[in-house]
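Order-wise, the sequence lines are chains A and B. With this note's numbering applied, the first sequence covers 1 to 285. With this note's numbering applied, the second sequence covers 286 to 453.
Hint data in this document are derived by calculation from the structure and do not stem from the laboratory. As the structure is a computational prediction, the values presented were derived from the model and not from experiment. Do not rely on the hints blindly, as some may be mistaken.
Stated by the list, open to error - Calculated Cβ distances over 10 Å to all of chain A for the following chain B residues:
#1 K292
#2 D294
#3 G295
#4 T302
#5 S311
#6 F314
#7 G317
#8 K341
#9 L344
#10 N382
As the list claims (entries may be wrong) - In silico DSS-like pairs for lysine-lysine, Cα to Cα no more than 25 Å straight-line:
#11 B:K300 <-> A:K88
#12 A:K88 <-> B:K298
#13 A:K277 <-> B:K426
#14 A:K88 <-> A:K239
#15 A:K145 <-> A:K211
#16 A:K239 <-> A:K211
#17 A:K70 <-> B:K433
#18 A:K118 <-> A:K134
#19 A:K239 <-> A:K196
#20 A:K106 <-> B:K300
#21 A:K265 <-> B:K426
#22 A:K239 <-> A:K138
#23 A:K132 <-> A:K118
#24 B:K433 <-> B:K401
#25 B:K433 <-> A:K118
#26 A:K114 <-> B:K433
#27 B:K300 <-> A:K273
#28 B:K426 <-> A:K106
#29 B:K426 <-> A:K196
#30 A:K138 <-> A:K70
#31 A:K134 <-> A:K145
#32 A:K211 <-> A:K277
Glycine included, every Cβ here is placed at the ideal spot set by N, Cα and C.
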Amino acid sequence: MEYIIYPGCLSVTEQYSYEVSCINVLNHLGVDFTYAENVNCCGFPLRSLNSFGWIYLSARLISVLEDYNKPCILLCNWCHASLTYALKILSENEELTSWVNDLLSKEDLRFNGKLVFKHLLEFLYYDIGIEKLKSNIKRFMGGLKFSIHPGCLFFRPRDIDRPDNPYQPRILKDLVELLGAEANVHLDCCGWAIYKTNSDTGLTLAGNRIKTAYGTDGIIISCPHGGEMLDKYYNDACKTIGFNGEVPVLYYTQLLGLALGIDPKNLALNLNKSPVKSLLDKIGV
Amino acid sequence: MTTLSEKFDGSLKEKVTRFPSILNPSSCFQCGKCTSGCTIMVLMENFPHRVVDMVKLGLVSELLRSDVIWACTQCQKCRDACPQNVNPSEIFIVLRNMSIIEGGSVPEAYMSMLSKVLESGYIQDVASVIGSDGLIYDRSKLGLVNLKGPRDMSIFQNNCMEAFQRSV
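Starting from the given sequences, assemble the full structure and let the hints guide the process.
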């Protein structure tokens with residue numbers, strides 16, 4: 001089975017630790033994939049400006065991805081929620097669909113609403129499967145305890161069909177536990193969206209989230225928005241709330257990559273801004 | 286003194302429901318679950334149930350002039366907690382849309398993201414980052430593929446401009 005991959009804006013413009021670790025994990029697992037071309041932002045971050053602008057951008061992305069006739073893997077929670085939501089709204093609104101298709105026809109594109117797509121975590125969980133992942137593990141993470149952060153839009157809001165349960169999300173928890181580690185789920189917000197208009201509030205939310213994980217071996221994330229707030233802005237977030245402890249923040253694909261025995265250089269651990277060294281020492285890499 | 290009924294604007298209230306969104310302000314019975322679970326209620330003194338109530342009362346123009354509509358981090362907790370599918374987080378989004386259409390100020394960060402989308406298809410420039418080893422990394426140094434945004438940028442830009450200017 002061939003897949004196409006669309007990492008989304010943040011992964012390909014700065015959250016390289018996610019993109020690099022993701023493609024190396026997929027290659028290691030023998031997944032056949034190619035990058036989608038002629039793509040654009042799903043528009044979700046721009047919904048605050050104009051929801052019609054958002055629906056155009058999501059419909060365009062869906063129509064471009066549909067033309068590949070292959071299932072699509074998304075890395076970003078926002079893209080996943082955006083495409084799901086746009087599909088729902090457009091499937092119930094003929095006028096809007098026809099308006100969008102008029103715009104898309106200028107590029108010889110057409111929204112059909114048939115795209116098959118999944119979040120990377122769903123792909124690992126359902127398509128690769130727990131058993132295959134387990135059988136490939138070279139380095140078990142027994143004795144480690146993580147605070148896991150699937151990210152809001154992975155499990156909320158439930159009225160647009162999210163991949164996981166809003167109160168007890170289990171996909172990332174199971175994926176971490178299969179490595180032998182303990183995993184406690186947190187459901188709070190990283191603060192990305194409010195950071196855009198009120199940086200202090202955004203950093204306070206991020207700092208509080210980091211602080212709640214103090215005493216664990218780190219936070220495991222799976223959305224580039226969490227990566228930006230909890231890892232890229234780690235120092236600013238901790239400073240904003242006056243927190244001095246060390247909490248490593250890693251993408252799940254980085255942790256999984258270490259467990260699979262992938263060379264740490266191919267997991268871009270040197271690009272994390274949070275203090276990951278203590279965790280790497282514990283794991284023995 | 287202006288009475289509530291004099292401030293009522295039914296046409297604006299009706300417009301709230303005509304954007305590409307799923308929301309039902311009229312169904313709110315003010316249980317306050319949205320506010321009690323709000324991520325930033327304490328930090329920014331935001332009370333989503335009051336915003337919903339104002340929409341229900343037809344006091345939309347007051348909200349369009351208020352900064353309160355920008356005090357939401359879109360965590361979707363209120364939307365999940367609501368027993369009536371009111372979707373307060375969506376009401377915030379639509380009020381922002383309406384405020385901008387009416388000529389209200391647009392946060393700079395959003396204008397910047399839109400201008401980057403018009404330039405490249407993505408919300409920000411491709412950055413070089415510094416590793417813990419002090420070296421600078423970019424996509425090619427990391428072995429990552431070149432990005433391929435919209436093929437025909439001029440059609441894409443024109444379509445974006447048209448879509449982002451659509452009103453109800």
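> For which of the previously enumerated hints does the structure constitute a violation, in increasing order of number?
Replying inline: 10, 14, 20, 22, 27, 28, 29, 30
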